[in-house]
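Taken in order, these protein sequences are the chains called R and C. Each residue of the first sequence is one higher than the last, beginning at 1 in our numbering. Each residue of the second sequence is one higher than the last, beginning at 1 in our numbering.
Hints are computed from structural coordinates only; laboratory data are not their basis. One or more hints might be untrue.
[Said to hold, decoys possible] Straight-line distance between alpha carbons at most 20 angstroms, and here's what the computed EDC-like set of lysine to aspartate or glutamate pairs gives:
| id | chain 1 | residue 1 | chain 2 | residue 2 |
| --- | --- | --- | --- | --- |
| 1 | C | Lys-150 | R | Asp-241 |
| 2 | C | Lys-150 | R | Glu-259 |
| 3 | C | Lys-150 | R | Glu-68 |
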Amino acid sequence: MNLFKKTLTAAAVTAALLPAQAVQAGEVEVLHWWTAGGEARAAAALKEMMEEQGHTWKDFAVAGGGGEAAMTVLKTRAVSGNPPAAAQIKGLDIREWAKLGFLTSLDDVAEANNWNQLVPPVIADVMKYEGEYVAVPVNVHRVNWLWANPDVLEDAGLSVPKTLDEFYQAAEKLEAAGVIPLAHGGQPWQDATVFEAVALAVMGPEEYAKAFVEHDMEVINSALMEEVFTEFAKVMSYVDDNAAGRDWNTATGMVIRGEAAMQIMGDWAKGEFTAAGLTPGEDYICAPAPGTTGEFTFNVDSFAMFSLSDEENSKAQKDLARTILEPEFQTVFNEAKGSIPVRTDMDMSGFDACAQASMDTFKSSADEGGLVPSFAHGLATTSYVQGQIFDVVTNFVNSNDKDPVRATDQLAAAIQAAL
Amino acid sequence: MEHIQRHPARVARAPSRLLDGLQRWLPKLVVAPTFVLVGIGIYGYMLWTGVLSFTSSSFLPVYDFVGFDQYAKLMTNDRWLTASVNLGIFGGLFILSCLLIGVVLAIFLDQKIRQEGAIRTIYLYPMALSMIVTGTVWKWILNPSLGLEKLMHDWGWTSFSFDWLVSSDMAIYTIVMAAVWQASGFVMALFLAGLRGVDSSIIRAARVDGASLPLIYWKIILPSLRPVFFSAVMVLAHIAIKSFDLVMAMTAGGPGYSTDLPAVFMYAHTFTRGQMGLGSASAMLMLGAILALIVPYLYSELREKRHD
Numbered sequence: 001m002n003l004f005k006k007t008l009t010a011a012a013v014t015a016a017l018l019p020a021q022a023v024q025a026g027e028v029e030v031l032h033w034w035t036a037g038g039e040a041r042a043a044a045a046l047k048e049m050m051e052e053q054g055h056t057w058k059d060f061a062v063a064g065g066g067g068e069a070a071m072t073v074l075k076t077r078a079v080s081g082n083p084p085a086a087a088q089i090k091g092l093d094i095r096e097w098a099k100l101g102f103l104t105s106l107d108d109v110a111e112a113n114n115w116n117q118l119v120p121p122v123i124a125d126v127m128k129y130e131g132e133y134v135a136v137p138v139n140v141h142r143v144n145w146l147w148a149n150p151d152v153l154e155d156a157g158l159s160v161p162k163t164l165d166e167f168y169q170a171a172e173k174l175e176a177a178g179v180i181p182l183a184h185g186g187q188p189w190q191d192a193t194v195f196e197a198v199a200l201a202v203m204g205p206e207e208y209a210k211a212f213v214e215h216d217m218e219v220i221n222s223a224l225m226e227e228v229f230t231e232f233a234k235v236m237s238y239v240d241d242n243a244a245g246r247d248w249n250t251a252t253g254m255v256i257r258g259e260a261a262m263q264i265m266g267d268w269a270k271g272e273f274t275a276a277g278l279t280p281g282e283d284y285i286c287a288p289a290p291g292t293t294g295e296f297t298f299n300v301d302s303f304a305m306f307s308l309s310d311e312e313n314s315k316a317q318k319d320l321a322r323t324i325l326e327p328e329f330q331t332v333f334n335e336a337k338g339s340i341p342v343r344t345d346m347d348m349s350g351f352d353a354c355a356q357a358s359m360d361t362f363k364s365s366a367d368e369g370g371l372v373p374s375f376a377h378g379l380a381t382t383s384y385v386q387g388q389i390f391d392v393v394t395n396f397v398n399s400n401d402k403d404p405v406r407a408t409d410q411l412a413a414a415i416q417a418a419l
Numbered sequence: 001m002e003h004i005q006r007h008p009a010r011v012a013r014a015p016s017r018l019l020d021g022l023q024r025w026l027p028k029l030v031v032a033p034t035f036v037l038v039g040i041g042i043y044g045y046m047l048w049t050g051v052l053s054f055t056s057s058s059f060l061p062v063y064d065f066v067g068f069d070q071y072a073k074l075m076t077n078d079r080w081l082t083a084s085v086n087l088g089i090f091g092g093l094f095i096l097s098c099l100l101i102g103v104v105l106a107i108f109l110d111q112k113i114r115q116e117g118a119i120r121t122i123y124l125y126p127m128a129l130s131m132i133v134t135g136t137v138w139k140w141i142l143n144p145s146l147g148l149e150k151l152m153h154d155w156g157w158t159s160f161s162f163d164w165l166v167s168s169d170m171a172i173y174t175i176v177m178a179a180v181w182q183a184s185g186f187v188m189a190l191f192l193a194g195l196r197g198v199d200s201s202i203i204r205a206a207r208v209d210g211a212s213l214p215l216i217y218w219k220i221i222l223p224s225l226r227p228v229f230f231s232a233v234m235v236l237a238h239i240a241i242k243s244f245d246l247v248m249a250m251t252a253g254g255p256g257y258s259t260d261l262p263a264v265f266m267y268a269h270t271f272t273r274g275q276m277g278l279g280s281a282s283a284m285l286m287l288g289a290i291l292a293l294i295v296p297y298l299y300s301e302l303r304e305k306r307h308d
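Isolated chain R (complex conformation) (with noise of 0.2 angstroms):
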């Protein structure tokens, strides 16, 4: 830090000593998996916005939806000493880069422009190592989400399952009506993203954030947690048999061509809608996932600011910390990529019905404290504590005879080998 005011007061008196130098124009260099569509144009309005105030922007996109290649990629970089300026890093991943000593503070960037009131403090503290910000959230995306066709469900007459008993009921008759009730594919994190909505459901937000953020063995080793199960295993008995090994967004399909009723999935489900040329709440509806009305399930994409050695590079990489937060980009970026801007001080009118419904909760259960962090999608816990409730999950879904005893006692067991 100290060095930090050094360099800055250094700074500051050189662009006093020589105003005819206009712009400091530094390079960032981005390390990104936006490759897709309306993900690549989102990332090029970002490179827009750093070219105009004068920067390099160095792309460094590496393909691959969930960013795996990138990582390794990004470990090569950083441990050779050659890091670029940010990268996409999510979740806790943040806190162990920060460790490991690889990233730079931001706290002057973020008390110049207020960080803290624009952010809810859930998400701030995930961006934060130490109390300083090392990283800055791009958007949030939120996971409970229950999307459904209108046309099965009105002619099954029934309308969208606002509790998990309602749920059931539903799916009974749609069952009966020849449709599958729940798409699904069977994938640990797909499995994991149900586990979690139906933990939600059951715990309410207070015990899900003491299991699953704090892992409190208290709670995760209670009859509460074998409930989750119980329910969970009802949940997953209205998927079809053959969802092993399903892709996500073909699971979607399903539902857009009327297969299949229902799906539970993250608001990147939308994507897919939007793809096949449907309007929210005419041709699909969006609906909290049963259970969790008010409740919000979040996972928020961010860039790690790495510490970088070159005084410009290090200027260019704190606008581009600011850019990320400015509304413009916030408005352009997250109507392409379908997803909720982080700031909770922004006009939606432009945005999407889904979308709309989406800042709302995020706004009200930022305040009554309904706001939870997705751990099937690595923002509550570290990977191998995820890693561990993903194998216990998954292997429950599989078995044969799902013993919800059983799973809560191994889940117990695994985290704390985790931790």
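For this one, chain R is given, so just place chain C on it according to the hints.
Chain C only, in chain R's frame:
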């Protein structure tokens, strides 16, 4: 020119000393880079993995040593146990089926049939495909909503059911099927080469003694192919232990983690889950399994040579 001719002895001696030195050093110089590369690239990294398996490395290597913690964790990890059991099932069935099918095919092809070359190529061809391709194709064939089962339903046999790929108890056997399809042609080629090497006079002698053809194969020819059996088992065992791409393409370890193999487990933990220590420990155990196979093999090989 003239200058050289005038002092031939002196001029010739210097290069010859140089040549002598070169002759002595050249082989070593030529081999040195490969030794260095193998030393670093294989044994060095092996050692490094071994070191990492005793640390608490998360997603980058760190060097705080925790003893046998990672191994202890591995032993209580349900997923690792599943992966090990799967390797037993997969390896055992894969090696046995490949040997059986390979030997039978080789014996049939050995009957001096027409178009043998073409048939041999057809049988051997699957080996030319990448495991990823094999896996993807078999995934489509075995998927109940796309492949075989749907075909049978469409043809009117609606009670037909073959859903092993999506059943957590049976999925590992579908991987065995694909792997056997891929490798048995190769085993056939090995045995065919071996069969061709058997001295025909022995067979003729047995014929004269009145032995039937199956008996000749069973009692005379196959026992003489012991070395071929041995190398086939070695190669197949390697394929089984390092098997990764086939599983990734066919089931990605699923449903759940019921088709996980140690190599898949190791990759997932080391590179995507940020548990490099645990992943390294699992890699060391896989190395142990391979050593357990290769050491007796090398021992028998080297000892036999000494007796010759």
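These are the hints, each one checked on the structure:
With a C-alpha separation of about 13 angstroms, the suggested pairing of Lys-150(C) with Asp-241(R) holds against the 20 angstroms cut-off. Distance hint between Lys-150(C) and Glu-259(R) is fulfilled; the C-alpha atoms sit about 16 angstroms from each other, no more than 20 angstroms. Note on Lys-150(C) and Glu-68(R): the hinted pairing is violated, with a Cα-Cα distance of about 34 angstroms set against a maximum of 20 angstroms.
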